[in-house]
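A.B. asks: The residues making up each chain are set out below.
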Amino acid sequence: MLPEKNHPASYRDPSGFVFISEGVIYRQVNPGYSKDYELLMAGLYGDLVAKKWLVAHEEITTIPSTDRYKILKPVQLDHINYPYEWSFSQYKDAALLTLNIQLCAMTHGMSLKDATPFNIVFSGSSPIFIDTLSFETYDATSPWVAYRQFCESFLAPLLLASYHHPDLTRLMLTYPEGIPLDIAASLLPFSSKLKSLASLHIHLQSGIKGNSKQAEKKQVVFSRDKLNRIITHLISGINSLTLNKKISTWSNYYTHTILQDNYLQEKEKLVDAFCEQVSFHTAVDLGANTGQFAMLLEKKGKIITALDIDPLCIERLYLHSRENGLRITSLVSDLMHPSPGIGWNNSERKPLLERIHAEMVLALALVHHLCIGRNLPFQKLANTLQQTGKFLIIEFVPKSDEKVKQLLAFRKDIFSSYDLDQFKKAFGGYYDILDEKNIGHSGRALFLMKSKNG
Amino acid sequence: MFLYVDPGSGSYIVQLIIAAVLGAGFYFKTGWSYIKNFFRKNKTDD
Numbered sequence: 001m002l003p004e005k006n007h008p009a010s011y012r013d014p015s016g017f018v019f020i021s022e023g024v025i026y027r028q029v030n031p032g033y034s035k036d037y038e039l040l041m042a043g044l045y046g047d048l049v050a051k052k053w054l055v056a057h058e059e060i061t062t063i064p065s066t067d068r069y070k071i072l073k074p075v076q077l078d079h080i081n082y083p084y085e086w087s088f089s090q091y092k093d094a095a096l097l098t099l100n101i102q103l104c105a106m107t108h109g110m111s112l113k114d115a116t117p118f119n120i121v122f123s124g125s126s127p128i129f130i131d132t133l134s135f136e137t138y139d140a141t142s143p144w145v146a147y148r149q150f151c152e153s154f155l156a157p158l159l160l161a162s163y164h165h166p167d168l169t170r171l172m173l174t175y176p177e178g179i180p181l182d183i184a185a186s187l188l189p190f191s192s193k194l195k196s197l198a199s200l201h202i203h204l205q206s207g208i209k210g211n212s213k214q215a216e217k218k219q220v221v222f223s224r225d226k227l228n229r230i231i232t233h234l235i236s237g238i239n240s241l242t243l244n245k246k247i248s249t250w251s252n253y254y255t256h257t258i259l260q261d262n263y264l265q266e267k268e269k270l271v272d273a274f275c276e277q278v279s280f281h282t283a284v285d286l287g288a289n290t291g292q293f294a295m296l297l298e299k300k301g302k303i304i305t306a307l308d309i310d311p312l313c314i315e316r317l318y319l320h321s322r323e324n325g326l327r328i329t330s331l332v333s334d335l336m337h338p339s340p341g342i343g344w345n346n347s348e349r350k351p352l353l354e355r356i357h358a359e360m361v362l363a364l365a366l367v368h369h370l371c372i373g374r375n376l377p378f379q380k381l382a383n384t385l386q387q388t389g390k391f392l393i394i395e396f397v398p399k400s401d402e403k404v405k406q407l408l409a410f411r412k413d414i415f416s417s418y419d420l421d422q423f424k425k426a427f428g429g430y431y432d433i434l435d436e437k438n439i440g441h442s443g444r445a446l447f448l449m450k451s452k453n454g
Numbered sequence: 001m002f003l004y005v006d007p008g009s010g011s012y013i014v015q016l017i018i019a020a021v022l023g024a025g026f027y028f029k030t031g032w033s034y035i036k037n038f039f040r041k042n043k044t045d046d
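Here the protein sequences come in this chain order: G and U.
All letters in the first sequence, in the order written, are residues 1 to 454 by the working numbering.
All letters in the second sequence, in the order written, are residues 1 to 46 by the working numbering.
Think of the hints as simulated: they come from the structure by calculation, not from any bench.
Positions of the beta carbon are idealized from the N, C-alpha and C atoms, including for glycine.
Among the hints, a few may not be true.
Which chain U residues face chain G? A few, computed with CB under 7 Å, are given here [said to hold, decoys possible]:
#1 S11
#2 Y12
#3 V14
#4 Q15
#5 I18
#6 A19
#7 L22
Whenever a hint applies, use it, and build me the whole structure from the sequences.
C.D. replies: Right, here's the structure in full:
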């Protein structure tokens, strides 16, 4: 097993690195990390894997070499997602997972040497820690080396989302190393200073600028008890964070749909029937709303990713999936601005469209939002959807539809080519249309298509 | 991933202060809840 290609984001840690060989992800452990690795495997690993907190791995037997200690093959995850695509509660759960892992590690004589949300991935409705080499031997006389990083990359986005708007977790796209504490402190309202969570871990910390000379003079010894107190305080504070009430009530809008009830039932029947016509295992639902159709596919045993632009829809879907143990990975994303490739060489974090490939693409009640709401030509939509998956179930919403009329109410109708014929013509260039049905008497139509690329 | 943070700089001092504040806060909280409970009891008595 030799590295074909090192993972572009795996260069910071001298303990080892991630590489890809024949499409499979492996992790090399370097000789310098051998002691920590043995300590990890002596108890902590088993404990964390049993709790489903840490990704499990198997050791691969290789020819002994002075350059490497071990090669690990971790359980391969369905897909990778990033903190700027998580809803508020997903972010919260990822933060709590990190803290709980740290507490657990301390009981095994280890500690996390970094605390970044990029070490966590949502697989279905549960977060899982993927960086096996993040643990080091715990020295109780030292404070937590990753404390500041935790505050900048977990606590700051969570507080901003909680005090202002759930969309603010997307700031991690601009500050992938974490929101600098002085920026976070200046954005938080005065009232946050009255709560110990923000006042101690953000405001106080951003106000203190120590230097190493100062610290050398101070020989005050840290203790396990002190660190326990800090982490427990973070856990209880983060646990009680909620979204701003004014904002979270918007989502009631989605329960009051102006469309007739039987429209949704009819659509569900058709989608169900279309899914039976073709064979697929993975699916991505674009514009999933609160996930009615993602849940339908989940019931059929498909591995599904659900995307929506509205962080509150994804919040709802996530909470519902978590409660019911549904295998739906829900992510916040604006398809007009999908997450780009970021980091060094634009390649440490992959662009969204490279991560959501699936055999089946669902685009229900989406066309009018993109093609009228955002002026996107049919042909561009068809092209991108084709690159995302082999099969497509897509709903066409005509201009006569009430929702389209709403979109056009206060703007000039420049969409003379928005009609069913043009839609079929544009998609016909990329897909074979396998089936076409009207959705009851709604005037909308549902299509099952197969990519011409095979 | 690995982040080089010098535990001897700001982060060290902050964690010491916060741990101290939280330690003191524990006593403060216990005292505070004692006072709150005292008034709550009085209220329910009314």
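A.B. asks: Identify every previously stated hint that the structure contradicts and give their numbers, smallest first.
C.D. replies: The structure breaks none of the hints.
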